[in-house]
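Residue numbers (this note's numbering), protein chains in the order written: chain D, 1106 to 1385; chain R, 732 to 797; chain S, 8 to 356.
Hint data in this document are derived by calculation from the structure and do not stem from the laboratory. All the pointers check out, no bait thrown in.
Computed cross-link-like contacts, BS3-like style, restricted to lysine-lysine with a CA-CA straight-line distance of at most 27 Å:
(1) D:Lys1320 - R:Lys751
(2) R:Lys751 - D:Lys1363
(3) R:Lys786 - D:Lys1181
(4) D:Lys1320 - R:Lys763
(5) R:Lys786 - D:Lys1149
(6) R:Lys780 - D:Lys1321
(7) D:Lys1145 - R:Lys751
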Amino acid sequence: MANWKVTLLRPDEEHGFSSFQDGVFLLFFFPGWWFLMSYKDYIKWERMPSTWCPGCGIGIVLKYAAMAIDELKIPKEDVVVVSGIGCSGRSAGYFDVESLHGLHGRALAMAEGVKRGNRKLKVVVISGDGDLLGIGGNHLLHTSRRNVEMCVICINNEIYGMTGGQMSPTTKKGTVTLTSPEGSPYNPVNAQGLITSNKDHFYARSSVFHLNHLKKSIQEGISRGGFSFIEVISYCIENNGRRLGFKDAPEMLDLIRKNYKVNPSPAGKLGDLELGIVKT
Amino acid sequence: MEAEKKKIGGPLTWIKGYCKLCSICVYICPAKDLMIKGNEIVSLGKCTKCQLCEKFCPDFAIEVEK
Amino acid sequence: MKELLMGNHAVALGALKAGMTFFAGYPITPASEIMHFLANKGIEFVHTEDEIAAANMIVGSSLSGRKSMTSTSGPGMSLMQEAIGLGHMMEVPMVIVNVQRVGPSTGMPTLPAQGDILQAKHGSHGDYTQIVFYPNSVEECYRYAIEAFNASEESRSPVIFLMDGFVGHLMETVDLDAIPCAIVPRTIPGLGGGNRHFTGLLSKNGIPCTMNSDYYREWFQKMKSKATSVSDRYNFFEYLRGDDAKTLIIAFGIVSRVVLPLIGKYSLFRPIRMFPVLEKELKEIASGYERIIVVEMNDGQYKGEIERVLKRDVEGISLIGGDLDPTVVGEKIEGLSNGKLESYPTEAR
Chain D
1106 MANWKVTLLR PDEEHGFSSF QDGVFLLFFF PGWWFLMSYK DYIKWERMPS
1156 TWCPGCGIGI VLKYAAMAID ELKIPKEDVV VVSGIGCSGR SAGYFDVESL
1206 HGLHGRALAM AEGVKRGNRK LKVVVISGDG DLLGIGGNHL LHTSRRNVEM
1256 CVICINNEIY GMTGGQMSPT TKKGTVTLTS PEGSPYNPVN AQGLITSNKD
1306 HFYARSSVFH LNHLKKSIQE GISRGGFSFI EVISYCIENN GRRLGFKDAP
1356 EMLDLIRKNY KVNPSPAGKL GDLELGIVKT
Chain R
732 MEAEKKKIGG PLTWIKGYCK LCSICVYICP AKDLMIKGNE IVSLGKCTKC
782 QLCEKFCPDF AIEVEK
Chain S
8 MKELLMGNHA VALGALKAGM TFFAGYPITP ASEIMHFLAN KGIEFVHTED
58 EIAAANMIVG SSLSGRKSMT STSGPGMSLM QEAIGLGHMM EVPMVIVNVQ
108 RVGPSTGMPT LPAQGDILQA KHGSHGDYTQ IVFYPNSVEE CYRYAIEAFN
158 ASEESRSPVI FLMDGFVGHL METVDLDAIP CAIVPRTIPG LGGGNRHFTG
208 LLSKNGIPCT MNSDYYREWF QKMKSKATSV SDRYNFFEYL RGDDAKTLII
258 AFGIVSRVVL PLIGKYSLFR PIRMFPVLEK ELKEIASGYE RIIVVEMNDG
308 QYKGEIERVL KRDVEGISLI GGDLDPTVVG EKIEGLSNGK LESYPTEAR
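All chains, full assembly: derive it from the sequences and hints.
Structure representation (structure tokens):
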């Protein structure tokens, strides 16, 4: 597409590239215009500051998802961001591309509809652990089984933040929340196990502290050509951390730094506190 | 919305309209350059342009000149 | 060319004619035939994990630029309600076919009913104006499936296509080529190219606007008048006038065909666009009759609507249980009209 437009302009060189219209053509169709773009072009600045609490990790994921898309040089018109309900569900609205903010848990179903409706589109789903693994668990099972091409970024803060701090499917056993005042009695859901139980799978675990790894995971996920699931370890300071005794967001970020280590070549499976990419 | 920007010394620009004073930049800065003073982020002039604050800021509220 | 067709197949054919290129659904008696029929028609077809996914998937595909449909029956319809509300909020054109069976819950899967009338009107939470069509023959299944797509495109809202198990499984000879149809093209550009934000939150120009009551009222009025003005162009009904009949029977779906032998002595008004209720036509026609009897296969759901519109006493016969016996229906209407039977409540059948 790009070269075609440029050659169309070439024979008309006495006209020059000085006119405004040609400038516009050049800007949009000359391949080099990518160098002028940055991730900032994918963000809706008129909606900033964002709705999230001070120090929330979702903003970091928003930035790195935009960066990943930008560095993959996917044109803005080919990107659709879909999200569900919850704190992370609000992230779709901050992307300066076509975005959908659907029902609680149904982001994957809607994203599959979008992808099947127009195969040209690159669909990125950004949603939370409660949305994707809790209420939307069934859709996760089946969308991953059907291997629909989409990149799912699951921001895992181990809590239902927007509703005030209730136990989520990924809350660690023994954690005190509003709905588990004696400590969560259940083991957290094993997202890695769910995704990798499919013969053809892409599962990545990253965190809001390990930013380069996060960006690389998202880029690999988007360019995989099938269903990819990226679990991003995040935190919730206002509705979970404070109850657990954390003073502020950096303390929670620091905990992620201390606990999680990147494993660049996991052997088939990631350990509990390992970050990495498991794929076939 | 055009946010209010403020040069806070050296290569740093602080975007007051976006900042929620979460103090992640203060924590992450390896040179211990940034601090919160009242309701403002201030620089102590020790910036090494490592850009970690810009990378980690969840609210796009700090920029470092390259 | 004349062919023998099933109601469910006719709906599928009508949808294909209207330009539907995306179907997502989950099998359920008595609507499965629609799925079977569409599975190999060269359109994008998904057998989803559940009805919730089906309904949300057609929201997504419709936004990405394809005319989309799903089909289900009562239990699936209950699952889809949230997505129907989402469709109204996001202004997504889509068609949901509900081939009704006896409920509540799993009920009697293989027997027909008309018990989802009010659910079709107000099934999802919150206020919205739903357009609903209800055919009574195989030919009409085809014709009004097209109209349902047209209405949904024009109103940019979900349209519910009601049927009952009888109409769905009815086989009739029809000549589809002879049925005139106009097709409304897509009214919204598909995803890609802009920076629109579609959200289930109340939003103004793509920006959530959840604390502005004035804007909600303004938005609601706009949505309501849009749906009403579009549905005014789809005011389908059938009126069969009996010579000097003093009683008007109101029936729809398969019941309207069961009462046909009685027409002559009675008149029949059959709404095809069930909702919004055809108020103007109904008032005009009903004014000439002493009595009005609503015959339906539920416990008086549409009767209440008629009473609300006409603001007068309306009698009703409820034919619940899924088995229709024309002679019994006839006896009931006779009994009601000569005072031997009481209007509600009546025993089954």
